[in-house]
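> Here are the chains, one letter per residue:
There are 2 protein chains.
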Amino acid sequence: MGEVKHILLAKFKDGISQQQIDDLIKGYANLVNHIEPMKSFKWGKDVSIENLHQGFTHVFESTFETVEGIATYISHPVHVEFATRFLDHLDKVLVVDFKPTAVDP
Amino acid sequence: MGEVKHILLAKFKDGISQQQIDDLIKGYANLVNHIEPMKSFKWGKDVSIENLHQGFTHVFESTFETVEGIATYISHPVHVEFATRFLDHLDKVLVVDFKPTAVDP
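Just so you know, the sequences run in chain order A and B.
The numbering of the first sequence is the numbering used here, which starts it at 1085 and goes up by one.
The numbering of the second sequence is the numbering used here, which starts it at 1085 and goes up by one.
One or more of the hints may lead you astray.
Unchecked claim - Some chain B residues close to chain A (C-beta under 8 Å, calculated; not the full set):
hint, residue
1, 1115
2, 1119
3, 1123
4, 1126
5, 1132
6, 1133
7, 1151
8, 1157
9, 1161
10, 1180
11, 1182
12, 1183
13, 1187
It is worth saying that the hints were derived from the structure and are not from the lab.
Computed from a predicted structure; not experimentally measured.
Backbone N, C-alpha and C fix where the C-beta goes; we use that ideal spot for every residue, glycine too.
Same shape as in the complex, but just chain A (with noise of 0.2 Å):
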């Protein structure tokens, strides 16, 4: 089977404060404990150096067991309430959702 991983790209309006970006992300880690396919969560702030991050800022990825768990979470009302409140304070956003696949030697 495989988990699927569903990837995040954010650009925070600006002006919001860093405590309301700490509030959104713990929001958003809090999906994990009412949507059930959702596995984990984890983030970071984007500290590459090559500059083709095209403005994006944050990282957050999230772990699925398929992709209709995926679509499950999208529907869920827990995630639409909380996607309208994260949305509404993005400047930029880009979702990209795969399966982690290794290449044979």
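Starting from the known structure of chain A, arrange chain B on it as the hints suggest.
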């Protein structure tokens, strides 16, 4: 310490064949064998359904032990040679690096 993830999003140019894409992915994976700080490599096609992928079709995820390791990787001659060839086949590219961090409940 904790690992650092290097995420590259790509869209290949129109007209690139599947064989060329497969060869480039093998070339990317092969960097692990030549560049010591690069610890692992995985990839996957974007399967997201939210239409927030901004045209990116492939996700490449490498792991490093430190951000300094990523700098070493970027300037490594084997990476420089591969990156020149790889980027020549891309229509779009985006790179972010982050330390995956859990959120205390």
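> Does each hint hold? Answer for all of them.
Hints and how they fare:
| no. | hint | result |
| --- | --- | --- |
| 1 | 1115 | 11 Å, violated |
| 2 | 1119 | 15 Å, violated |
| 3 | 1123 | 13 Å, violated |
| 4 | 1126 | 4 Å, holds |
| 5 | 1132 | 4 Å, holds |
| 6 | 1133 | 6 Å, holds |
| 7 | 1151 | 5 Å, holds |
| 8 | 1157 | 10 Å, violated |
| 9 | 1161 | 16 Å, violated |
| 10 | 1180 | 5 Å, holds |
| 11 | 1182 | 3 Å, holds |
| 12 | 1183 | 5 Å, holds |
| 13 | 1187 | 4 Å, holds |
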